[in-house]
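**Student:** Given next are the chains, with one letter for each unit.
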Amino acid sequence: MVFVMLTLVFVVLRVMPGDPVSAMLGGHAPEKVIQQKKADLGLNKPIGMQYLDYMGKLAHLDLGESMIFKQKVSQPILEKLPATLELTFFGLLLSLGIGIPLGVFAARRRRSGRDYGARLYANVVYCIPVFWMGLLLQLVFGIFLGWFPIAGRTSPRVEVSAFSKTGFYIVDTLRIGNFAAFGDVMWHLVLPSVTLGIVLSGIFVRLTRANMLDVLKSDYILAARARGVPERRVVYNHGLRNALIPIVTMLGLQFALLLAGAILTESTFSWPGMGRLLLERIYLRDYPVIQGVIVVYTLFVSVISLVVDLLYAAIDPRVKY
Amino acid sequence: MPQLEKTILEVQDLSIAYPITIGVVRAVEGVSFTLDDGEALGLVGESGCGKSTLGLSILKLHRPPGRVTGGKILYRGTDILSMSDRALLKMRGQNISMIFQNPLTSLNPLFTVEKHFLETIHFHDASMPRERARAAVGKMLETLGIEKKRLKEYPHQLSGGMRQRIMIGLALIMNPDIIIADEPTTSLDVIVEAGFTDLLMSLRSIYKLSIILITHNLGLVAEIADRIAVMYAGRLMEVATTEEIFAHPLHPYTQGLIACVPNILVDQKELVTMPGSPPDLVDRPAGCPFAPRCPQVIPICRQKTPALIQHAPSHSAACWLYRQKEG
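Residue numbers (our numbering), protein chains in the order written: chain A, 679 to 999; chain B, 5 to 331.
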């Protein structure tokens, strides 16, 4: 999967109009300078050769060097990855935290006003573009109410270098016990992760509701009720656990969507993560960095799929590996 | 010693309806019967005649949007339908239990056998120490003839007959008085069914159970039940002892049902069938629901619904034929 994705990106980048040299030198540089620069970067070779060169290096886990800046591709990626992970983690947590309980709630009160309300919420938030949702939240909670910051990971007054070690600010601040900085980091996380969480929660509401309705109709639910098992236990322990199996599947499939949403959220909130890095470097046509980011994203999705498959075995005793 | 009441369960004029978009389905209409302590009552009828709805309503578990539109269900004198939710939870499993049609799907696929048992015990007697609960489960398995190592297994690892036995065990673990068996053998093969019947009969004497057996299998009901109630289109057509029903069926519907059972002693070329199909429960015709299919129909059948009238000490029928003869 990583391989296919990368090949695709490699070709598309080079077919796309514009290249790193014109991005760097602008449109009015003398032809000779442009040719010289292209030769330096190896861009004068046929695409096939460039591809083989790149893949050869990648086989040694070398993502190459940036074409614009004097830095290894891995450097900005490692710098930005923790920010993206923190954002996606909380975004996912929130979307599940909203989606699953709301879905169960709707399924238990099928066809009531509250059920329709929950379904309307699900459809509406699913349709809202992430960036627009972000802008709205920024406007209301950031500007009008002034409750939360609308950009960045920390306030300017917070000295990042004082605690930054792994790049995961939450971990770092907690590790050295700097709770003021921890609070500041969390405070900055609120709007971006809420944006991502709300937009993605819609699909989980619908999914949970549909699966719960299905499961609650099954014979073992009726049988449990007939044994005098209380309703709460029937719904959550017998019902939800069974309904979770397809939800977990969907979680794996939705992960790519989550990352895409994270890219948009990052650019809306000036979140210094991989998404912003990707956008920045696309403008600069920094081929190796773009490819590197794609490699990381694809790996991420693949790993999550694997984890989901392993999760099945933990949830469902019928699945064995 | 307190005096044992003879009647343990009494259903009085029970009606249950399902409101749907095109009207109201009257699944159960004015049904009354009693169940004596230690008695086995067979509830017989075609698919869709309301017998399962009736069975579930005794635990107040009839599926939504079903609603009781009238009548009472008295368990030892207390109306189940007006019990509090808490009392209902206690009653289910501890006083009245149910076993279901499909043992393959009636166990939670994610729970071990043991967890099913311990959960049931826990919610009825939270104070029981785990060790005692485990001992009780072990004893139950012995009665059911299931090896102890099966406790740690999941439903998909067990055979159909074994799952059915587990279902019975779960229904009996809290030692209830009444067990409602809803088509308990439909999904089992004949050999397993025979084993099941034996098991149910022996458990019945061990646990001093009263049984309501819901089925369309006349052979099964003849084997187990002391009395039989024949249901058609949500109404009781005839109630009598098992011998009476098979020897002198009064209602033409009962006669038809019995005639439909193939007999291996007689050389039959074709199966006997009853012409027609049960009426639409949304648009009930006036009069006896069986009138359109009845071979002995008389004019009054199409005008007025006959009531269930006692014709002999242990034999009642809802049919105009006998009403008329007696005057």
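Please note: incorrect hints may appear among the correct ones.
Some chain A residues judged to face chain B by a derived CB distance under 7 Å, without partners named [to be verified]: (1) Lys735; (2) His738; (3) Asp897; (4) Ala901; (5) Arg903; (6) Arg910.
Here are some of the chain B residues that sit facing chain A, going by a computed Cβ distance under 7 Å [what the hints assert, rightly or not]: (7) Ala91; (8) Arg96; (9) Met102; (10) Asn106; (11) Leu111; (12) Asn112; (13) Thr124; (14) His160; (15) Leu162; (16) Thr190; (17) Phe250.
Hints were generated in silico from the structure; no laboratory data involved.
Cβ atoms here follow ideal geometry from the backbone N, Cα and C, with glycine treated the same way.
**Student:** Given His738 (chain A) as an interface hint, is the shortest Cβ-Cβ distance to chain B below 7 Å?
**Tutor:** violated, 46 Å
**Student:** With 7 Å as the cut and Cβ atoms as the points, is Leu111 (chain B) at the interface with chain A?
**Tutor:** holds, 6 Å
**Student:** Taking 7 Å as the limit, does the beta-carbon of Asn106 (chain B) come near enough to a beta-carbon in chain A?
**Tutor:** holds, 5 Å
**Student:** A closest beta-carbon separation below 7 Å is what the hint needs, so does Thr190 (chain B) meet it against chain A?
**Tutor:** violated, 12 Å
**Student:** Can the hint on Asn112 (chain B) be confirmed by a CB-to-CB distance to chain A that is less than 7 Å?
**Tutor:** holds, 4 Å
**Student:** Min Cβ distance, Thr124 (chain B) to chain A: is it shorter than 7 Å?
**Tutor:** holds, 5 Å
**Student:** Please verify that hint: His160 (chain B), Cβ, nearest Cβ of chain A, below 7 Å or not.
**Tutor:** holds, 5 Å
**Student:** How about Arg903 (chain A): closest beta carbon in chain B under 7 Å, or not?
**Tutor:** With a closest approach of 6 Å, the Arg903 (chain A) hint holds.
**Student:** For the hint on Arg910 (chain A), does the least C-beta distance to chain B fall short of 7 Å?
**Tutor:** violated, 11 Å
**Student:** Per the CB criterion, is Asp897 (chain A) less than 7 Å away from chain B?
**Tutor:** holds, 4 Å
**Student:** Grab the minimum C-beta distance from Arg96 (chain B) to chain A and call the hint holds if it beats 7 Å, violated otherwise.
**Tutor:** holds, 4 Å
**Student:** How about Phe250 (chain B): closest beta carbon in chain A under 7 Å, or not?
**Tutor:** violated, 31 Å
Checked against the numbered hints above, the structure breaks hints 1, 2, 6, 7, 15, 16 and 17 and satisfies the rest.
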